[in-house]
Structures are given as C-alpha cells and as structure tokens.
Amino acid sequence: MSAGLAQDRTTLDARPIGATFGVELTDFRIAGDLPEAEVDAFRAALHRGGVLLLRDVPNDPAALVAFSKRLGSLEMHSASAHTHPDFPEIFCVGNYADDRVRANFATGVEQWHADSSFRDTPSACSLFYGVICPPEGGETWLLDAVTAYAELPPALRARIAWLDAVHDLNTLSEWNRRNTPGRPPLSDEARRRFPPVSQPMVRRHPATGRASLFICPAVISHVEGLPPAEGHALIAEVMAHATQDRYIYRHRWRAGDLVVWDNLSTLHTATLFDHEKHQRLMFRTTVSG
1 MSAGLAQDRT TLDARPIGAT FGVELTDFRI AGDLPEAEVD AFRAALHRGG VLLLRDVPND
61 PAALVAFSKR LGSLEMHSAS AHTHPDFPEI FCVGNYADDR VRANFATGVE QWHADSSFRD
121 TPSACSLFYG VICPPEGGET WLLDAVTAYA ELPPALRARI AWLDAVHDLN TLSEWNRRNT
181 PGRPPLSDEA RRRFPPVSQP MVRRHPATGR ASLFICPAVI SHVEGLPPAE GHALIAEVMA
241 HATQDRYIYR HRWRAGDLVV WDNLSTLHTA TLFDHEKHQR LMFRTTVSG
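First residue of the sequence shown? That's 1 in the UniProt record's numbering, and the numbers climb one at a time after it.
It cannot be assumed that every hint is accurate.
Pair by pair, the computed Cβ-Cβ distance ranges are [to be verified]:
(1) R246 x S198: 27 to 33 Å
(2) D245 x D33: 39 to 45 Å
(3) D99 x E139: 49 to 55 Å
(4) Q244 x A37: 45 to 51 Å
(5) P35 x L272: 38 to 44 Å
What the hints contain is simulated information worked out from the structure, not anything from laboratory work.
Ideal Cβ positions, reconstructed from N, Cα and C, are used throughout, including at glycine.
When you get a sec, could you build the whole thing from the sequences and use the hints?
Here it is as structure tokens:
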C-alpha cells in the first residue's frame, strides 16, 4: 500500500495502520485549492486501503466541507437537529452541546454498520474529524469487510452470496431507543423520506470490483426469503467471523485526527466513554454513493 511521494502528487506517502487494510497518509493537506491529481490520488488510496488516517488536521469546518465536496456530492443527514449551524453538510456526533451546537449522542453500544445503508443508494465514504476527544474510550473501530468476506468458510459464503436484507431507518431508531432511554421515536416525516430498502448482503465495489460484506445488524429488519429468527441467526454467524481481531483496526482518537472510510468496503462502530466526565465532539461529512 505504501508508495513514494512523486513530485506530481499522483502517489502519496503512506504507512499501514491495520493488519489487512488502512493507511496513514503522512504528508497530505485537505485545505486550499488542491490540484485534481492530488484528489484523484487520495481517492485511489482510499479505494486501495479502505481507511485513511490524517493527523494534525486544523479544525476548519469550511475546509472539511470543501474537500469533501471534491470527492463527490454530500449527503444531508436525516437528523438535521444535530448538524453544524454554519455548515449543514456536517453532522455533529458526541455529547457536546452549547447554544449553537447540539451533537447527536447515544448512550447504548453501537452496532457494526456502514453509513446510510438505509438509503436507496448507500453512501460512498465518510470523513470523520476529531474536534474534542475524550482521553479514554470513544474509539472508532473499523472492519475490513472485503477480507472478512473472502475468508468466510465456503459454505457460509455460498449461503449469503445471493441473499438480500431489508435495511430500515425505523429499525435502527427503535434499536437506539431500546439502548438509549428517552430518545424520541422516528418522526413520521423521516419514515416517509426513508422507507425500508432491500440491499445485498454481499456487494461489489464499483471502482475495485472487490466483493465485501454489507451487513448492518441494528439496521436490518429481516433477511428476505428467510424466517426472521433464521435470518438474524445467519447475520450473527457471519458477524462472529467478521469481527475477529485480524479484520479490525481500532482507532484511538486525538484532536485533529481525520479518518476517512470507504463505506463500500468497510463497516465501523464506536466504543463507549464516560460521558459524565468527558466531552466528545466529532464532525462527519458523508459523500453520496
């Protein structure tokens, strides 16, 4: 994955961060009028590595939005009450709140997922920036869904190869409500905007052609063609394999980190932190599929 830095910036300095995927770009800036060749190199590195890490990125919401738009059209998050007051393309995550920003916070354990799997066209990638990071906890864990799929036992790989699962924002909302008491139910307007959608359990990346797992347990209401209990048991069996340590990169945040993940080849989740003692504020932009 590593490559020397060419003068025309068509390749980037990088070092591996995970056992099977992920790289840290050691000399890349997102601010300013970047040449298209550099943006193309960044995109290619993301497709190859699945996850990119940039350290010591200045806290500049305008630059984050501008760079994100170089990668594609941006999604507007379904929870508009938790977007940045000046940049609605930025979804704010964490327990931070003041008179202008109220980040989206859940006290329950998050499930593995890819962002926006409940949309007709799931997102291409997400950019997640650490503004305020707790000294412990609040990690982001990322899963190599390509290698995990390739190394599934053949019989299990064959069982899911042509199955579809129904992803439903309301299913996710109800899961969150069970794990975070006091959260309101999903609004009727949001249910109309995001009806249940069928997605393949295995999908191919449009740029690389590589197959990967597309399984988001807390978002999936059922597997098509299977009784509910059997479908959820199958999901649990696949995820028990996919969540082995060798497929996971655990990112411990520090302020100024920018982690970009390819939603078409990875899954991710987060760990809990002591939200009564520490604050957390993260900015996320999401590039449409």
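**Q.** Structure versus earlier hints - violations, ascending order
**A.** Numbers 3 and 4 - these are the hints that the structure violates, sorted from lowest upward.
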